[in-house]
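Asker: Residues per chain are reported as follows:
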Amino acid sequence: MTMNPPGVSGLLQVLLIAVLVVPAVGALVVALLPARSDRGSRLVATGFAAVTFVVSLALVLTPSQRDFGWFRYTATDAIPVVPFAEVDLAWVPRLGIDFHLGIDGISYPLVVLTALLTTLCCAYTVWKVPEGGSGRTLAALMLVLEVGILGTFLALDLVLFFIFFEVVLLPMYAVIAGWGGVRRREAARKFVLYTLFGSVLLLLGVITVVVAAGTADMLALAGGFGLSRTTQYVAFTLFAIAFAVKAPLWPLHTWLPDAHTEAPTVGSVILAGVLLKMGTYGLVRVGVGVAPEGAAAAGPVLGILAVAAILAGSLICLRQTELKRLIAYSSVGHMGFVLLGIATGTAAGIQAALIGNIAHGVITGLLFFLAGAIKDRGHTGDLADLGGLRETAPRLAGLLGFAAIASLGLPGLAGFWGEAFAVVAAIQRGSALWITLAVLAAVGGALTAVYFLRLLRRVTHGPATPAVTGFTAIARPEWLAWSPLILLTLVVGLVPALVLAASADPVAALTGALR
Amino acid sequence: MTADVLMPLLPGVPLLLGLAGLLLPPGENGGSKDKKGRRGAFLGITGAALALLITIVLLVVVDDPVQVSTTWVSFGDLHVTVGFALGPAALYVALAVSVVALCVQIYSVGYLHDDPRYAPYAAQVALFTGAMLLVVSANDLILLLVGWEVMGACSYLLIGHDRRLPEAPAAAVKAFVVTRVGDVGFLLGIAWLAVDAGTFQIDELLERTGVPTVALVLILAGVAGKSAQFPLHTWLPDAMAGPTPISALIHAATMVAAGVYVVFRLFPLFAQSPATLAVLGLMGAITLLLGALAATAQDDLKRVLAWSTVSQIGYMTSALAVGSPAAALFHLLTHAAFKALLFLAAGAIIHAVGTNLMSRMGGLRTQMPVTFWLFVVGLGALAGVPPLAGFWSKENVLVAAAHATEGDGPAPVWVAWVVWVAALLGVAITAWYATRLLLRTFFGHVRSRTEDWFVGFDDARYEVPPGPAHDPPRVMRWPLIVLGIPAALLGLAAFLPGFRTALELESPHLSVSIVAPLLLLIVGAGTSWWLWQTAPGVDPARALGRLQPLFAAGFHLDQVQDRLVVRPVRAFAQAVRLTDERVVDAAVEGTGTTTTRLGSALATAHRAALPRAAVAVFTGVLVLGLAAAIVGAAA
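Protein chains in written order, with the numbering used here: chain B, 522 to 1036; chain C, 344 to 978.
This is chain B alone, in the form it adopts within the complex (with noise of 0.2 Å):
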């Protein structure tokens, strides 16, 4: 039974099926290939992953004949939230779930971004597969990942949402566990250990919404639908913790620095570029979504916490001493930053969430690909020993360069917004609490910029270490999985509406439902 809703194109629906479908058979073609033929495995996948990437841009770049004046029935008067187009699917009638997709304002920076980073890690892995395993298994698992991501962000039933959410675990897993560095058990058992004790908060926070409700559809549910206070704080108290640990929100942040320094390249930056997306968006789309007066009841504990992320995080980076964990570490300030601007539960605030979620998700990814290029390089990650780099790999060294001023914030760049406007959204708010936040979180800022000045100074200023000698030229697959990224963060910085210009309305019906 096709429950088709109305004012969605039927290409529309084929191509938001198509999202999923491509990299989910990709993976499975690439699963199936013969052993032997390991190179043309990983083109192959590259090959699905590109194709998803098209798919999720038509997808966006279709006009959609659902305007904003749509009207839709919803519990309270608040303003709807309309996705641009959508598929609802019955899957189980009588527990009320279905295979509810939809894309809007909110999720489609997203997952462009997912098919984006897939596609580049593909094409990376094309050139380079990391010791420990096959590269056509990697291939694979990478596309099961894109499957379980962007499921993750078109999901509007909560228990699709749920299995998705739960799909991503095990593949990423298996890429940090196969593929890693020296400590990669212990780092991936801890990962997978820890994002699971999330999952089984965020399976009850599900429970309880659907009991409690009736329904899992997101839709219906935006807004409170009714729910009581306390179903609503009980619910918004574990998707809160759960979607915490997957962000990752200080304290619970400690499985991220050795999952990201053992993982590969590649993973890092699909679990920085995406993967820590999941647990943000959850907490815009399905906590402030399903429990807003829960959201906005824990709104200053939360806002506490992020600004204590934001301060840790940088002070720990600091005085780290080794390259990809100073990397992960800057990754809990800036979520910090992301996790404040949801806190503050303003229109203002949750855009910069979720400009501050696709900037991370760029620069992030670049500085990843860039400190697994030299550690593949130099064979080491510690700072002690790198230095000079701009003698001996000048390019390599602008680039880090670039990617490190970008991620301190500088204005004109894609990490200046997400983190002035959360700031600027604590001010909005008002209070003496709110201030202090605010004034908090830009001393991070500055904190921010000592750590990566700091790390420029170790790695590229100075005379050359024995580390750093002999560094071979950026190769051609290098650049063309970079320059994506570089051009994204120049893009985005200059014109920020590329991500925000549809947000307005749905960030608009999810704070109405706060007042």
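FYI, nobody ran anything at the bench for these hints, they're computed from the structure.
No residue lacks a Cβ here, since even glycine has one placed at the ideal position from N, Cα and C.
Don't take every hint at face value.
Which bits of chain B does chain C cover? Going by a derived footprint, with three or more residues having C-beta under 8 Å, they are [stated by the list, open to error]:
| no. | stretch |
| --- | --- |
| 1 | 836 to 842 |
| 2 | 935 to 942 |
| 3 | 965 to 976 |
In silico negatives: residues of chain C with every beta carbon more than 12 Å from chain B [unchecked claim]:
| no. | residue |
| --- | --- |
| 4 | 395 |
| 5 | 456 |
| 6 | 537 |
| 7 | 697 |
| 8 | 729 |
| 9 | 730 |
| 10 | 811 |
| 11 | 841 |
| 12 | 900 |
| 13 | 906 |
| 14 | 974 |
Dock chain C against chain B, hints included.
Answerer: Coordinates of chain C only, in the frame set by chain B:
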């Protein structure tokens, strides 16, 4: 209409050419480096020349302030715009910026002729220029912030450019970090202003009344960072590690001028808040004296000039504090001319003698006559010798301060008194160190390069052509001469009605008020000269006695900063890292190991031989049976 198109191009052209320049190969590969350097130089010079051209066209076209804007992005109900607004005053600043930038680009071709990474250097200078022009022309606080911060990043890159100087990377980091600390306040300040007013657009903000004082004071923090005002001035003297043309750029036209310009731009808001003006005035007066005193005892030629910048920017902020933005802007313009001249001329000397230290110079007057006369003009303008540029603008500042002591300005009277006294004292000190610099560098006997000469020689070992020092080559000489003209004559522009109305400057009136500064000028210069006469060849700063090392070290404020900020932050960071590893992470790991141990304990308990297992099963059966019987009996 023309203006609408040209305004975005004013910052846009140098920024785009700068970005394009960054794409050029860095030019490390021996043979082809010359050509690549030339392409970079071409882009840089074109960018600055086009900016200058656009400014001139705009100056001709624009009579009244013009503006153009379009929405950039919206966050909630806050709209950020890409908006530009230029009035005549802003255009004069843009003119100063583009002239200095063009001179610096051309001069650099000669100064860094053997630099293997010229292309990125020229591109970064172009970005720097474009960013400053963005600050000058922006009509939106966020757009202004973009230019403001890009400048910070460019200063970082350029100060760290010289790979021969071991201290350059540290100085670069310091410049970025110290200004960034100020920018914490700046960001919070503009966020506060915008949230309060519901807009980021400057023209709308300026119409508001009752602006929160906190926001303005926070903005002052950013201004103090960028414009090197006490207590955030410490980065500027160290920034001397950058190539000399960069010093000229930072000190004359960009970066340090940006802070003063922003206060000028937002002055209607500042004028409403006497408390903020009091803070600004105190900051300005302290900086003015601190910079001037520190300049008296430096041995490094560039450091004297750097501290003199700190002091002169103090004059500008003081003028703003006593309610005379026009005087501040006038001084900004004349200062741009003479300080660019002084730095570029200093670069010529450093190139010729191969050192920064004045104790290794002397007698250059005969060897470098052109440079000497240009230096005389520049130092005369700096000290305020009539009729050179600095005299008129400094006079304006002094008159404004004197007026404000009568209590009819926006600033409190006591602030005006503090500023006025400090500014007068500053005149004497400036004259003193300017004379000292001139005497030690150009007079006395020539120091030959004996073995002895190299002792303690730790600045850059520039390769110096053999033979006596000589004036710079043409490509470096012409920019100097071009800058010499405004350094000498710009002050007289105060007599032009058009220029005066553009800046809203009062007409110059040569009354008794000039007697005091002129007397102080003579006292300062005379003392220095008399000390030199009594002991030729000896540093007049020796007369400072025990104060000399204190002044030379800039009142040890670096150490204070190190003790009060840097070390505590570092220690705190270490503590946080340890907490993270030993408490937060250990708790997680602990949960894991505890669970594993519990599991293995249980596993061991279950691992039993048959007899014991049988006994256990039977015991279990017995207990359960008993329980069932008791429960059954009770029922």
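Asker: Against this structure, judge whether each hint is valid.
Answerer: These are the hints, each one checked on the structure:
no.	hint	verdict
1	836 to 842	holds (count 5)
2	935 to 942	holds (count 4)
3	965 to 976	holds (count 7)
4	395	23 Å, holds
5	456	20 Å, holds
6	537	7 Å, violated
7	697	22 Å, holds
8	729	43 Å, holds
9	730	42 Å, holds
10	811	34 Å, holds
11	841	35 Å, holds
12	900	19 Å, holds
13	906	17 Å, holds
14	974	34 Å, holds
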